[in-house]
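Chains as they are written, first to last, in the numbering used here: chain A, 184 to 421; chain B, 26 to 322.
Worth flagging that the hints you see were computed from the coordinates, not collected in a lab.
Check before you lean on any hint, since a few could be wrong.
To be verified - A few chain A positions that, by computed beta-carbon distances, are all more than 10 angstroms from chain B:
{"no.": "1", "residue": "184"}
{"no.": "2", "residue": "213"}
{"no.": "3", "residue": "283"}
{"no.": "4", "residue": "306"}
{"no.": "5", "residue": "351"}
{"no.": "6", "residue": "356"}
Stated by the list, open to error - Quick list of the computed label-pair ranges, beta carbon to beta carbon:
{"no.": "7", "chain 1": "A", "residue 1": "210", "chain 2": "B", "residue 2": "110", "range": "41 to 47 angstroms"}
{"no.": "8", "chain 1": "B", "residue 1": "302", "chain 2": "A", "residue 2": "293", "range": "35 to 41 angstroms"}
{"no.": "9", "chain 1": "A", "residue 1": "323", "chain 2": "B", "residue 2": "285", "range": "56 to 62 angstroms"}
Claimed, not checked - Taking beta-carbon pairs under 7 angstroms as the criterion, some of the chain A residues facing chain B (in silico):
{"no.": "10", "residue": "235"}
{"no.": "11", "residue": "239"}
{"no.": "12", "residue": "252"}
{"no.": "13", "residue": "256"}
{"no.": "14", "residue": "259"}
{"no.": "15", "residue": "271"}
{"no.": "16", "residue": "273"}
{"no.": "17", "residue": "275"}
{"no.": "18", "residue": "284"}
{"no.": "19", "residue": "285"}
{"no.": "20", "residue": "289"}
{"no.": "21", "residue": "291"}
{"no.": "22", "residue": "357"}
All values reported here derive from a predicted model rather than from experimental measurement.
Ideal placement from N, C-alpha and C gives every residue a C-beta, glycine not left out.
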Amino acid sequence: MAILTVEGLHVHYGPVEAVRGVSLSIEDGEIVALLGANGAGKSSTLNAIVGLVPTHQGQIGFKGDSLVGLATEQLVRLGITLTPEGRRVFGSLTVEENLLLGSMPLRKSADRRKQNLERMFDLFPILVERRQQIAGTLSGGQQQMLAIARSLMSSPKLLLLDEPSLGLAPQIVDTIFDQIVALRDSGITILLVEQNVAMSLEVADRGYVMAAGSIVTSGTAKDLGSSHLIEQAYLGHQ
Amino acid sequence: MDVFIQQSINAVSLGGTYALLALGLAIIFSIMGMINFAHGELMTITGYALMYCGLVGLPFVIAAPFAILIAVVAALLMERIAFRPVRNSSGATLLVTSFAVAVILQTLFQNLVSPRSQAVILPDMLAQSVHFGSLSIGINQILSITITLVILVLLNWFLRHTILGMAMRAAAEDFSITRLMGVRANAVIAGAFAISGALAGVAGVLWVAQRASVDPLMGFIPVLKAFIAAILGGLGSLTGAVAGGFALGFIEIYLAAYLPDHIQPYREALALGIVIFLLLLRPNGLVPAFNVGREKV
Ligand SMILES: Nc1ncnc2c1ncn2[C@@H]1O[C@H](COP(=O)(O)OP(=O)(O)O)[C@@H](O)[C@H]1O
Ligand SMILES: [Mg+2]
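The following block holds chain A by itself, in its conformation from the complex (with noise of 0.2 angstroms):
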């Protein structure tokens, strides 16, 4: 069943169309890669997703259930969280402040608030010893896991993930890209936003390429990896 369906979508920022009539569908379990140049549109579909901008035209539905028209803090309690681009963790807050953020739609329960923040700090042991740190002050790869372990607090059923690699130095976005494969072995559905192609065709089952606001082609990872339509679809709109 699909836990995530998109029906053509439209974004509009005033006059600017940033996304017209985006349809895309994801399967339980899958780890979707949404790909395609620098402003194709694709962190304005993540965040119409989770209504961080309004959706000016189209369907939303999550296991069925449609989102236009609810509020962002809504939808974390039905399983749907983003982490989103340029991190933006908490820069004043602690590393444990920040978390505990995350997992406030399980406010009613310590018991699965603290087993979470365990699991957070086995998945991620550099934010075990700096708990008490103030998370502006982490490095970017540090600030990237802090904002996806955020993400995980509230035990999500989808994760959205836009850009997790901008900016890292290379082993750090291994170690990035190591986890997210984790997450989806977890049980977490994952839609991937990423500028690096290669590596995320490695870990997705499908992939969708946007241009100028819309869907250009979409397939199997491995059929997007071993045909050109990638490259015409990044260098035909640059």
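Given the structure of chain A, go ahead and fit chain B with the ligands onto it with the hints provided.
Then chain B with the ligands, alone, in the frame of chain A:
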């Protein structure tokens, strides 16, 4: 030396009241990007609540918390009725709305109570002093300083150790992402107004306790000062608001105490001059906000 200590105590007392008011402004600003010019009217409402409590003979220890509660309720109503409908509008719209609320409330006070200053019945004890050697300190100053410190400690504890406090600090930094965490926007904003109402209420009680009267425009000057203090401290920074409030208190009191008589008429101008000079040295304020210039809500 005694004069200096005496004046310093005055400065801490006045600065503390400015600090509480500036904090109230800063909390709203940090989250909504709005200067609430109707903040002073919350103070005035507190003053009228104290006045009516005095008239019906409620003892001050009950009247004061009750008046503060009235300010909290008024702040929540203000948010719900006036500010929520325009929450996502431009900064200019928010500013004009808060001016309108201030003017409407002032007009209501003038018509429903009186345009003239009203006496507030206070316990005699507040007017007494205690003596330490040649030093004489007013009971209401001791109360004012103590209460200010207790409030600052409580607020700090709330912001650091409760989940709503944490959410408010997060929202001050990045409102959208805070909502993404599942924090309800309405809860955070209402929480901020409740706290700012409480702070205005406490400041109102302290202000009235020194003057024993209330008038429709009572809140205007202190909140203007608090606004200056908040800018001096770093707009949107809570620590800055406290620092700015105390700094302004010291500047005003020392100028009043030590300027030669023939320069006294220029005291306010000089105080502002010092503030501007400090801002030239530190353009983002004494303790800048974490996210100077970032978009709000
Ligand atoms: N807040 C905004 N206001 C106006 N235009 C925007 C805004 N965000 C994005 N855009 C524009 O929308 C288009 C798509 O942007 P985005 O979704 O960020 O693309 P991507 O994530 O694929 O790089 C770009 O042309 C960008 O300039
Ligand atoms: Mg993007």
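Status of each hint after checking the structure:
Look at residue 184 (chain A): its CB is around 25 angstroms from the nearest CB on chain B, clear of 10 angstroms, so calling it non-interface holds up. For residue 213 (chain A), the requirement that its beta carbon stay farther than 10 angstroms from each beta carbon of chain B is met, with the minimum near 22 angstroms. With a cut of 10 angstroms on Cβ distances, residue 283 (chain A) falls inside the contact zone with chain B, its closest approach being about 7 angstroms. Distance to chain B confirms residue 306 (chain A) as a non-interface residue, since its nearest Cβ pair spans about 19 angstroms, more than 10 angstroms.
With a least CB separation of 20 angstroms from chain B, residue 351 (chain A) remains clear of the 10 angstroms interface cut-off, as annotated. With a least beta-carbon separation of about 23 angstroms from chain B, residue 356 (chain A) lies farther than 10 angstroms from that chain, consistent with its non-interface assignment. Look at residue 210 (chain A) against residue 110 (chain B): about 42 angstroms separates their beta carbons, and that is inside 41 to 47 angstroms. Taking the beta carbon of each, residue 302 (chain B) and residue 293 (chain A) are about 51 angstroms apart, not inside 35 to 41 angstroms as hinted.
Evaluation of the 56 to 62 angstroms hint for residue 323 (chain A) and residue 285 (chain B) yields a pass: the beta carbon distance comes to about 58 angstroms. Taking 7 angstroms as the C-beta cut-off, the interface hint given for residue 235 (chain A) holds, the closest approach to chain B being about 5 angstroms. Among the interface hints, the one on residue 239 (chain A) is violated; its C-beta lies about 16 angstroms from the nearest C-beta in chain B, farther than the 7 angstroms criterion. Interface hint status for residue 252 (chain A): violated, as the beta-carbon distance to the closest one in chain B is roughly 15 angstroms, over 7 angstroms.
Among the interface hints, the one on residue 256 (chain A) holds; its C-beta lies about 5 angstroms from the nearest C-beta in chain B, closer than the 7 angstroms criterion. Here the hint on residue 259 (chain A) is kept, as its CB sits about 4 angstroms from the closest CB of chain B, short of 7 angstroms. Checking residue 271 (chain A) against chain B by beta carbon gives a least distance of about 5 angstroms; that is within 7 angstroms, so the hint holds. For the restraint placing residue 273 (chain A) at the interface with chain B, the shortest Cβ-Cβ distance is roughly 5 angstroms, inside the 7 angstroms limit, so the hint holds.
For residue 275 (chain A), the interface hint holds, since its Cβ comes within 7 angstroms of a Cβ in chain B; the closest pair sits about 4 angstroms apart. Given the 7 angstroms rule on beta carbons, the hint for residue 284 (chain A) holds: about 5 angstroms separates it from the nearest Cβ of chain B. Hint on residue 285 (chain A) holds. Least Cβ distance to chain B is approximately 6 angstroms, under the 7 angstroms limit. For residue 289 (chain A), the shortest C-beta to C-beta distance to chain B is roughly 9 angstroms, which exceeds 7 angstroms, and the interface hint is violated.
The restraint placing residue 291 (chain A) at the interface with chain B is violated, with a minimum CB-CB distance near 11 angstroms, outside the 7 angstroms limit. Look at residue 357 (chain A): its Cβ only gets to about 27 angstroms from chain B, farther than 7 angstroms, so that hint breaks.
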